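Asker: Given next are the chains, with one letter for each unit.
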Amino acid sequence: MSKTLDLGKYLQQVMEKEPQVHCITNFVTVNGCANIILACGGRPVMAHHVKEAEEITQGSDALVLNMGTVNDVEAMLLAGRRSNELGHPVILDPVGVSGSAFRRETFARLTEEIQFQAIRGNVSEIRYIATGHSRAAGVDVCRTEQITEETVGETAAMAQAVSRRLGCVVAVSGPVDVVADGSEAVLLRGGHPLMARVTGTGCMSAALLGAFLGAAAAKSPQSVGGRFESETTSPQNPDCLFEAAAAAAAMMKVCGSLAYEKTAVEGGGTMTFGMHLIDAVSLLTPQHLNLLAKISRWPEAGAGPGEGGDK
Amino acid sequence: MSKTLDLGKYLQQVMEKEPQVHCITNFVTVNGCANIILACGGRPVMAHHVKEAEEITQGSDALVLNMGTVNDVEAMLLAGRRSNELGHPVILDPVGVSGSAFRRETFARLTEEIQFQAIRGNVSEIRYIATGHSRAAGVDVCRTEQITEETVGETAAMAQAVSRRLGCVVAVSGPVDVVADGSEAVLLRGGHPLMARVTGTGCMSAALLGAFLGAAAAKSPQSVGGRFESETTSPQNPDCLFEAAAAAAAMMKVCGSLAYEKTAVEGGGTMTFGMHLIDAVSLLTPQHLNLLAKISRWPEAGAGPGEGGDK
Amino acid sequence: MSKTLDLGKYLQQVMEKEPQVHCITNFVTVNGCANIILACGGRPVMAHHVKEAEEITQGSDALVLNMGTVNDVEAMLLAGRRSNELGHPVILDPVGVSGSAFRRETFARLTEEIQFQAIRGNVSEIRYIATGHSRAAGVDVCRTEQITEETVGETAAMAQAVSRRLGCVVAVSGPVDVVADGSEAVLLRGGHPLMARVTGTGCMSAALLGAFLGAAAAKSPQSVGGRFESETTSPQNPDCLFEAAAAAAAMMKVCGSLAYEKTAVEGGGTMTFGMHLIDAVSLLTPQHLNLLAKISRWPEAGAGPGEGGDK
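Chains as they are written, first to last, in my numbering: chain A, 6 to 316; chain B, 6 to 316; chain C, 6 to 316.
It should be emphasised that the hints constitute simulated quantities derived from the structure, not laboratory data.
Remember, it's a predicted structure, so these values are computed and weren't measured experimentally.
Where is the CB? At the ideal position from N, CA and C, for every residue including glycine.
Certain hints may be false.
Output of the computed footprint for chain A on chain C, the stretches with three or more beta carbons under 8 Å from beta carbons of chain A [said to hold, decoys possible]:
#1 29 to 40
#2 165 to 172
#3 203 to 212
Pairs of lysine-lysine residues, derived as DSS-like cross-links and limited to a Cα-Cα distance of at most 30 Å, are as follows [as the list claims (entries may be wrong)]:
#4 C:LYS56 - A:LYS267
#5 B:LYS56 - C:LYS267
#6 B:LYS56 - B:LYS267
#7 A:LYS56 - C:LYS56
#8 B:LYS56 - A:LYS56
#9 C:LYS56 - B:LYS267
Just chain A, with the same shape it has in the complex:
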């Protein structure tokens, strides 16, 4: 599959267009989100004040809304609606969506008033969106719900259902990542379990989505006259957004693997790993992203779980 899907192209676009990514996000992981956007070549702006949310969005190429500590719902709504008008990709990270009534209501309001281009969550969060319930208590995935090789098909189907309902790309993070839109799905393997032992890797994945989708959609010498010039965003996901989302997810997986290798050599722990993770994002080339990505289309050729088309 890596022959048919040029993921590196999307990283190249980020490096060339340097998209400005407006994030309204939580205070726990905001620093990591800014740093990973800078690492891949984008320009982060973490402006959450209601008095400037629209104006900042206007000068940006993408908007990332993260529900981690949900303080700024009005600013999110203002920025989201303005981004929709401008045709900027809007990404939602519904952190811990099932964990409180306040989060469930916030999610409902955001998805009602904003057309998202991508939603990224762990499987408990996506399950809640798909079915209205989940066994997760806090912001982490519920262990018994976690994606396994056995449940990857079910997860892909669920992601596709959410994609059709909300009209956006759906990215599910876990031991195997699933990226889906209404018509197709890919699986990303790789990464490392240590990613769940550092706070913010999920939020950072959403931040990367912002950079990749922002670059894919941004006007530039190459793209002037492209689809986002004179129209507002439509519920259909253009192919480029699906592929850009797959590239962002692949980037995280590849960099998780690379970071683990360096950490293991040094005998490091979780913080060393976290540092090497963003380091790897800052060092990876488009060529190596293509070379190292373990991506396969779902349903996988050969069928049975555990096989699949990993290159």
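Add chains B and C to chain A, keeping to what the hints say.
Answerer: Positioned in the frame of chain A, the structure of chains B and C alone reads:
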């Protein structure tokens, strides 16, 4: 003493029960607090919104309230009272309590309305709680008040007095740590002065307390039917909370020492040290915690200050 | 020039006086700001609550106001006016000042009601302050406006004009840093482009300014009877503040260079660099600051751009 006090058992409990620790904390050190809870095996949730504080606490095993930038007093009160009802350990970090009238009032209100199971501070903070005054100006310990081998006895007596008055374990951080309840006290040696040159090591100690006390008190296959099942927290500190607090303090001291060793070899500065500190927490085994902890009961066998029963 | 300007003296003062630096700053980079103040020898207090801003400032030696996410304008005004009364240096970091109407208004209000002793920004921010317009969209410098060897003279003149109008030292960060007051200007070379790939290096520069100006102005055994004892701050910048600001800027440049050397040897990326940057601040001696600083007076001896008096 390490023969009579199995500190490693409490780390083992954290690793097995993976307690969810709800923190309402400051924006300076929130990332480090989340990461150290993850590093030792817990699951952090940093939710401070007044609309969800109670609901998040309900799904958690412990609550940590940190007065570092004191924005969320109402959320703290809601979460604290609910945790009391549920019998979850509640830990207070009275950062810079003597530094402003606002902090003094907040402290008074929190201790009036919430029964804490542990309070952790530097000696200036604990002195203020004990006596109503302190020479500290900001959030740091006042240098002339700092714990020394000469004042460790006085500090232990002061911690015990606070413990009796507020009905909770009291942990005092410094060159020598003191952990006390109404009937006993232990001293923890080790660590490194660099711990005071990285922001958040105090807050992280309180976060570790949350994980250790949360695990010690949490229901689990082993503990179902235990003391927290059907009763609300009582002012008496069960032994397990005192020992769990000593284990958390020992963990910080041991990891500070280990982090310094690695930093010195690499010729690193304060940030390298900070990284290795959390790294060490993520790598330490219960066996090594028992092996490396420098704990002694106070008053120390042999009496005179400076001797003591360090193993 | 390093023979005539003893930059190391100002670092020495920080290490001896341990100034308490009160920062009202943004949540993206607050941790790095606290850590760099600790690294150079100061004591950070990041208190932004309106109910304690004045009281915290009162016990501090300097105040740093950072407009990064502009939430706390009332607290900034209270703390700034109180610092003015007490004669504490007040430093402004007008992050992204031209990026929104809200920021432009906030800047106008702050400079109207507070007498600053230093303002630090990138060239787009300083250009906006000088001329009322800038081509920057977010919080980053506009690339076509960035300081080059060709435009360094124009930048120095602009900084001096702002200095005369606002009565404070003006520090412009970029590939070449410019520090100016109404009567003189110096250039600082060194550093590394990676500094722009880590979030918060600008904010950290302002935090360093707080520590260096705070120490230079603080009463101490050496300085009792000095200019800040019984008078309020005057719009004239005493020489010591200009030199202290140059020393802080030099510190950042030197540490950026040192951090890059270590990062390159290790094959690290942006996060490794960020760690080594603060590490270097914690390890640099006053002697090495003097030895490694690339400072020259502007206009440079020999005239033409690109030459200059670098030692």
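Asker: Among the hints numbered above, which are violated by the structure, and what are their numbers in rising order?
Answerer: Violated hints: 2, 4, 5, 6 and 9; rest satisfied.
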